[in-house]
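Protein chains in written order, with UniProt numbering: chain A, 1 to 149; chain B, 1 to 149.
Quick caveat, the hints were computed from the structure, so don't treat them as lab data.
One or more of the hints may lead you astray.
If chains are identical, the list can't say which one is meant, so a pair holds when it fits in one copy or spans any two.
Listed next, the in silico SDA-like pairs over lysine to any residue satisfying Cα-Cα at most 20 angstroms (straight line) [claimed, not checked]:
| hint | residue 1 | residue 2 |
| --- | --- | --- |
| 1 | K128 | E108 |
| 2 | K107 | R146 |
| 3 | K119 | R61 |
| 4 | K107 | W125 |
| 5 | K7 | L31 |
| 6 | K48 | L19 |
| 7 | K10 | R61 |
| 8 | K50 | K74 |
Residue-level listing of the chains:
There are 2 protein chains.
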Amino acid sequence: MENRIEKIKKQLHSQSYKLTPQREATVRVLLEHEEDHLSAEDIYLLVKEKSPEIGLATVYRTLELLSELKVVDKINFGDGVSRYDLRKEGAEHFHHHLVCVECGSVKEIEDDLLGDVEKIVESQWEFKVKDHRLTFHGICNKCQNRENE
Amino acid sequence: MENRIEKIKKQLHSQSYKLTPQREATVRVLLEHEEDHLSAEDIYLLVKEKSPEIGLATVYRTLELLSELKVVDKINFGDGVSRYDLRKEGAEHFHHHLVCVECGSVKEIEDDLLGDVEKIVESQWEFKVKDHRLTFHGICNKCQNRENE
DNA sequence: TATAAAACACAAATTAATATCATTACAATT
DNA sequence: AATTGTAATGATATTAATTTGTGTTTTATA
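Build out the structure end to end from the sequences listed, making use of the hints.
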């Protein structure tokens, strides 16, 4: 935990940004809810619990900054709000998501499944791939079992 | 063209919706701009050219309806607006997009590149895939050439 | 043609996100 | 230590996209 904060601090410093208390509080919330795909509003409320004086705009600005630095990925499942995911350490790419259309749960996949597909895209369409985002919509493990009962 | 409108009409009727003049005008705009990834506002302005009395809310409701019926796909490239793409005839899946980070152009790919990947997801995570959305971010053909000059 | 349901236009409300701006924190410099 | 300049902050207003009322009109069908 402290370790990862240290790293993010260095990443900020390398671009001459500072890890202010507000930014640190925001990062801590992200670290404590890594699996949760929180919206900016969610994050704001959680940060506020420990640092009640923080403003919503600051949270937005922090998330925007972290997004530029590729510390977090800003994702959009089409429900009107942006969500923010910490990028896993060392991960070069955006991770993928499995969104269950029954229960709404979101599972993450770290594996890079698209190596071959990217090669096809690069050769066939002469498109230099920098990043990708892939989401599957379907029915999760649990909901499948529930239906079979 | 008329053919495809006929089909959409039947699809609406099958769920006991009507293809009203306003809805038809909206569908025509979509058909005439199939490659363009229009926003609701864009579509509204185009429909208005031929049917000036239409309301924006009607366009939104129409797009929402078409989206439910899987006639169009509602997509979001993270720029704050939803865009609406006609689903290709017979296409079971969402098509993919190549978004150029230089010039903002968007190219579509019809090919189903994810057959193998879906199999992996289904077996390894026991997730029944219904649909997917895949977007690549990178540098398009034209911008690559421009940079090399 | 009568009738009820559906769809409509327009206005108003909601919501996420951004912009503005006065204030504050902080580091570098004198 | 005082000064100065820059960046960050918080409160609030504003914007922009979308959704939701409301009363009216259209449409299908009996």
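**OP:** Quick one: which hint numbers does this structure break? Sort them smallest to largest.
**Re:** 3, 8
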